[in-house]
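Asker: So the chains spell out like this:
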Amino acid sequence: MSKPNVDEEIPIPPPVESEFPLSPAQVGMATFLCSEAAFFSTLVVAYLIYLGEDQTGPTPAESLSLTRAVINSAFLLGSSGTIMLAMNARKAKSLNGFSVWMFGTITLGVLFLVGTAYEWEELIYQDGLTIGRNLFGTTFYTLIGFHAFHVTLGLVLLTVITFLERAGRLSAKSEATELVSWYWHFVDAVWIVIFGVVYWMGT
Amino acid sequence: MAIAETGQSSAASPLVTQLHGWVTTVDHKRIGILYILMSLFFLVVGGVEALLIRLQLWVPNNTLIGPDTFNQLFTMHGTTMIFFVVMPMLSGFANYLVPLMIGCRDVAFPRLNALGFWLALFGGCILYTSYFTGDALYGLGSAPDVGWFAYAPLTSPAYARGGSVDYWILGTLVSGVGTLTFAVNLIATILTMRAPGMKLNQVPLFVWMMLVDAGLIIVAFPPLTAAQIMLLLDRYAGAHFFDTQAGGSAILWQHLFWFFGHPEVYIMALPAFGIISEIVPVFSRKVIFGYASMAAATAAIGFISLGVWAHHMFTVGLDDRLDAFFSAASFLIAVPTGIKIFNWTATLYGGRLQLRTPMLFALGFLGMFLIGGLTGIMLATVPVDWQVSDSYFLVAHFHYVLFGGSLFALMGGCYYWFPKATGKMLSETLGAWHFWLLFVGFNLLFGPMHIAGIMGMPRRVYTYEAGQGWDFWNQLSTIGAFIMGIGFLIFFINLVLSLRSGQKAGDDPWDAWTLEWATSSPPASYNFEQIPTVRSRRPLWDLKHPEDPDWKYE
Numbered sequence: 001m002s003k004p005n006v007d008e009e010i011p012i013p014p015p016v017e018s019e020f021p022l023s024p025a026q027v028g029m030a031t032f033l034c035s036e037a038a039f040f041s042t043l044v045v046a047y048l049i050y051l052g053e054d055q056t057g058p059t060p061a062e063s064l065s066l067t068r069a070v071i072n073s074a075f076l077l078g079s080s081g082t083i084m085l086a087m088n089a090r091k092a093k094s095l096n097g098f099s100v101w102m103f104g105t106i107t108l109g110v111l112f113l114v115g116t117a118y119e120w121e122e123l124i125y126q127d128g129l130t131i132g133r134n135l136f137g138t139t140f141y142t143l144i145g146f147h148a149f150h151v152t153l154g155l156v157l158l159t160v161i162t163f164l165e166r167a168g169r170l171s172a173k174s175e176a177t178e179l180v181s182w183y184w185h186f187v188d189a190v191w192i193v194i195f196g197v198v199y200w201m202g203t
Numbered sequence: 001m002a003i004a005e006t007g008q009s010s011a012a013s014p015l016v017t018q019l020h021g022w023v024t025t026v027d028h029k030r031i032g033i034l035y036i037l038m039s040l041f042f043l044v045v046g047g048v049e050a051l052l053i054r055l056q057l058w059v060p061n062n063t064l065i066g067p068d069t070f071n072q073l074f075t076m077h078g079t080t081m082i083f084f085v086v087m088p089m090l091s092g093f094a095n096y097l098v099p100l101m102i103g104c105r106d107v108a109f110p111r112l113n114a115l116g117f118w119l120a121l122f123g124g125c126i127l128y129t130s131y132f133t134g135d136a137l138y139g140l141g142s143a144p145d146v147g148w149f150a151y152a153p154l155t156s157p158a159y160a161r162g163g164s165v166d167y168w169i170l171g172t173l174v175s176g177v178g179t180l181t182f183a184v185n186l187i188a189t190i191l192t193m194r195a196p197g198m199k200l201n202q203v204p205l206f207v208w209m210m211l212v213d214a215g216l217i218i219v220a221f222p223p224l225t226a227a228q229i230m231l232l233l234d235r236y237a238g239a240h241f242f243d244t245q246a247g248g249s250a251i252l253w254q255h256l257f258w259f260f261g262h263p264e265v266y267i268m269a270l271p272a273f274g275i276i277s278e279i280v281p282v283f284s285r286k287v288i289f290g291y292a293s294m295a296a297a298t299a300a301i302g303f304i305s306l307g308v309w310a311h312h313m314f315t316v317g318l319d320d321r322l323d324a325f326f327s328a329a330s331f332l333i334a335v336p337t338g339i340k341i342f343n344w345t346a347t348l349y350g351g352r353l354q355l356r357t358p359m360l361f362a363l364g365f366l367g368m369f370l371i372g373g374l375t376g377i378m379l380a381t382v383p384v385d386w387q388v389s390d391s392y393f394l395v396a397h398f399h400y401v402l403f404g405g406s407l408f409a410l411m412g413g414c415y416y417w418f419p420k421a422t423g424k425m426l427s428e429t430l431g432a433w434h435f436w437l438l439f440v441g442f443n444l445l446f447g448p449m450h451i452a453g454i455m456g457m458p459r460r461v462y463t464y465e466a467g468q469g470w471d472f473w474n475q476l477s478t479i480g481a482f483i484m485g486i487g488f489l490i491f492f493i494n495l496v497l498s499l500r501s502g503q504k505a506g507d508d509p510w511d512a513w514t515l516e517w518a519t520s521s522p523p524a525s526y527n528f529e530q531i532p533t534v535r536s537r538r539p540l541w542d543l544k545h546p547e548d549p550d551w552k553y554e
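Listed in order, the protein sequences are those of chains A and B.
Reminder that position 117 of the first sequence reads as 117 in full-length UniProt numbering, one-by-one numbering, no gaps.
Reminder that position 538 of the second sequence reads as 538 in full-length UniProt numbering, one-by-one numbering, no gaps.
Hints listed in this document are in silico derivations from the structure and should not be mistaken for laboratory results.
From the three backbone atoms N, C-alpha and C, an ideal C-beta is built for every residue, glycine too.
It is possible that some hints are incorrect.
[Unchecked claim] Restraint-style ranges between C-beta atoms, simulated for each label pair:
id	chain 1	residue 1	chain 2	residue 2	range
1	B	ALA299	A	GLY128	44 to 52 Å
2	A	ASP127	B	TRP386	44 to 52 Å
3	B	TYR159	A	ARG166	52 to 60 Å
4	B	ASP319	A	SER65	36 to 44 Å
Turn these sequences into a full structure, and let the hints guide you.
Answerer: Given below as structure tokens:
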């Protein structure tokens, strides 16, 4: 192998392939969200399997209110918009703009939870729908409950990340804020599925 | 390439400091070793349970172990072996090897990695705490006794009062979350942290298979978690998911469980395939045959394995068309698996075989896994399944797959990478004894189960009547079990002796070609002094043979 070849005489570093388009943290978050999607899919499948199988009421059509669900959806979908604006403000290095939009996001998230609380209060005390009442109750409270739990968790994350940003505790390179927004968008996407499956189909 | 050891506690530091170092470690290599130690511990526990089961079945109408205890034993044996032996062992290998093989300094999220290990360990502890609850609140037994797949309605509050089932649920749930963190970490590491120049189609096949494996974990574990949460809600919040009296469905549990359970079989098998794909070429002194088809077959197995779960449910009485679909899908998975077997065989063909201990285990794997695969095809045939489902034939089948397959490969991996992790060689003599005792014992234990099963012996019976022709086969099995026990004893002796006074290994005792052999044995905490640049699938070959590097041909 002694051909006078430039490649062999000088150990040129190999052509380094372009880096993977996502950072480790982004891949990690995306993978985690995939597993979350698998989790929620299971709950949705369980809901769909038992839909209409009940011998006793209340049924979704009797007890769910589409209007309330639409209002609630507006809160949550709106919060996806505001968090996007917050991210844009962050990119533009406007800490105040970021804080304002994050505050808006958190407010909308809280309003969504309040809406859910009103819905549950009505379901439990007026319709008598509990988790043990029938299959609808069982699957409904499990699915909606886990989603609401994720929203709650998201609100905690949003609050913490906003304070950290304001306190300047995050380095400029930190991806935490962006990843929290991914999580929030995911929670929102799950809600769109729930809206279609539970409220749209049910009423 | 010896690199001076810094940063790790030296042998001179006091024991407490060393132990503290292990408990608080976030080094992927140490976490890998912790995983493997945990796995070996539970291997002993699950093995003793298996020996007790075999002792009880030694003669007909045996009264050594009562039916209640027997039910607990097979439940704990199955759960332990799957969740707390094979899973941590494969996590251990992946943790230790993947960063070394792709040439990086640690996994993407070292602290998450440590969390995953501790969750796995605590999961095991939660499961075994059940034994210490005495007879619990209702005097209804301590350990879970519902089988490793915990079918409804056995787990319903009516049939499983007391806390035993909850220990099963929580133990596997907690360790399952740990497994998920492991998978997230692995995918992020493999996708984003490869050494410069190493393309995704140049990673060692073990890494490729772990990538697919982690993908399967991401898809298959959350449904189990969801199902277990539903079960907890049924048990404690009055929900009706699996409660047939309120319109719920016991079949739903079976679907959800096996939607996890069947991919889980491949989650346990793919790392074994990966280990074999590393060992076979090195000890045949040849490049692996058909790298690309091997990688593609892995992806195909991963994909198809998500659509075969109901072949565990042929006897449930599903729709015939469903049975036909799942039967056909199960046949289909034999194609990529067959491709793998042929690739390994073709790698062996014409090679200069070196029958060192890792290679013995690899060859044992090939034979045993082939048998397990073939009985798998038999069981995927609906009418055959109707005849032998839930018989000892099935028990024989999945032990050929999981023990003859996964565990043989993992044992081979222990012999292959022990020198890297410790700097000492495992004794070849004891290794050969270990292998042959295991191989003979294994076939003596599980081979006769095929026959006992076809003769009608159901699984999970605590005893049987004489005169059904089962006695002889059961005695063979029990003898085989104890031969295997001796084999494992020799393995543990080998581990201890070799660690103390084994031959020095050097950096690259097998003259191998992947990056983990390019650094010192054991590697420094930072793995590589200089991150290597990679141009081919065998970077170390390129280093050793600059006159004839691989990248010219790939």
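Asker: All hints are to be evaluated individually against the structure, with a verdict given for each.
Answerer: So, going through the hints one by one against the coordinates:
no. : hint                                 : verdict
1   : ALA299(B) with GLY128(A): 44 to 52 Å : holds (51 Å)
2   : ASP127(A) with TRP386(B): 44 to 52 Å : holds (46 Å)
3   : TYR159(B) with ARG166(A): 52 to 60 Å : holds (55 Å)
4   : ASP319(B) with SER65(A): 36 to 44 Å  : holds (37 Å)
Of the numbered hints stated above, none is contradicted by the structure.
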